[in-house]
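J.: Sequences are here, hints too, so could you generate the full structure?
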Amino acid sequence: MRFDDVAIPAGLAWSSPFAKWQGSLAEVSSLDLAAAVTTRALADRGVDVDALDGLVLGWTIPQPNVFYGAPTLAGRIGAPGLTGPMVAQACATSVAALVAAAGAVGAGSGPQLVVTTDRTSNGPTLLYPQPSAMGGSPRAETWVLDSFGRDPWAGTGMLTAGETVARKHGITRGELDDLTVLRSEQYQRSLSEDRAFARRYQVTVEIPARRGPGLVLEADEGIRPAVAEQIAKLAPVDPDGVHTFASQTHPADGCAGAVVTTVARARELSGGHGVVRLLGAGTARVAKTHMPEAPVPAALAALAAAGLSITDLDAVTTHNPFAVNDLVFARETGYPVERMNAYGSSLIFGHPQAPTGLRSIAELIEELRLRGGGVGLFTGCAAGDTGAALVLRVED
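Read in my numbering, the sequence shown has 366 at position 366, and its numbers run on one by one without any break.
Bear in mind the hints are in silico, worked out from the structure with no lab data behind them. Since the model is a prediction, treat every value here as computed from it, not as a measurement. Idealized CB from N, CA, C, for every residue including glycine.
Cut-off 27 Å, straight-line C-alpha distance, at most; resulting in silico cross-link-like pairs (DSSO-like, lysine-lysine): (1) Lys288 x Lys168; (2) Lys168 x Lys233; (3) Lys233 x Lys20.
Ranges between beta-carbon positions, derived for each pair: (4) Arg339 x Asp5: 25 to 35 Å; (5) Tyr68 x Ala140: 18 to 28 Å; (6) Ala228 x Arg150: 24 to 34 Å; (7) Leu370 x Ala26: 32 to 42 Å; (8) Leu127 x Ala235: 30 to 40 Å.
T.: Following this line, the structure appears as structure tokens:
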């Protein structure tokens with residue numbers, strides 16, 4: 001998909017810090033989190049909600065009252081006149097939500113607010129009625145754990161996909177550990193100088209309490225640096241595999257957002273700080289149980305839509321739930337692993353699903369802004385052996 005007149009105002013892509021699984025946000029509804037983070041992000045950036053014309057809400061894990069999610073969220077952020085679609089496509093949700101917003105802008109709508117939010121902690125257990133079953137007992141589904149554990153089409157789990165692709169490409173345990181250490185070191189750069197880079201796009205979470213002090217989350221929670229000597233001692237999760245708990249991501253909770261509009265309106269809303277043109281998006285699906293390969297064809301599709309090639313890129317960020325993802329991408333495209341994810345990636349900071357991609361897109365934008373502009377690519381895999389990618393250019 002090619003975009004001709006769609007942009008994000010510079011500075012108007014953001015993310016909350018991510019909290020570890022069963023951590024500080026474990027009992028906060030992802031819709032409550034979205035209301036708090038979005039309200040603060042818009043206020044801090046001087047965006048009047050009356051300037052917005054629509055809302056796209058991305059979520060993948062049910063929460064109480066999510067049936068009314070988008071219009072209810074709009075009301076809670078002070079924009080009761082807004083509504084729009086709700087989008088869910090596993091870890092491709094961020095790209096899908098941005099594409100939906102871009103489609104609305106391309107069709108003539110005004111500025112669109114994109115909000116992506118998820119809480120993997122305390123995921124729901126759903127009961128499906130089965131009146132004809134023995135004793136009428138219902139069928140139960142543990143939404144998060146069952147989804148992680150088995151793809152119903154492929155018949156395998158996500159870890160099996162990581163190991164399958166590692167074997168296919170001859171990727172060793174040592175290569176995975178080295179990549180993990182590199183990504184951890186890159187993430188530490190975002191924390192230097194009192195989190196100078198992270199503060200460029202992160203929004204502090206403040207959740208009031210009915211009594212006593214409320215919840216405040218100012219930085220990512222639960223992240224341990226990957227030290228080569230320590231992770232080398234870890235046993236693989238699959239006894240016959242090569243991935244450990246260090247070389248795969250961890251579940252997390254968080255929220256991310258952006259404003260999408262025309263280029264001219266983006267210039268106005270950025271307050272003179274430039275625009276982020278959306279150039280092209282791409283999706284792809286690969287063979288069963290080969291999910292870590294999907295970011296490659298998705299990226300190539302997005303680049304083709306934008307009329308560009310891999311050599312035109314100034315920066316790349318990825319959603320890499322397994323370290324093998326980036327190693328395969330580098331082998332297949334020739335793009336060096338050390339030039340990707342300059343400030344870390346989801347391998348290190350975690351994986352709340354819907355907002356994961358948009359956080360990496362916000363980081364990509366800020367990296368390019370620090371460079372003075374340039375072309376960037378985000379690409380990542382998603383459940384169902386799929387991939388989604390976005391190409392953008394930071395200008396002015």
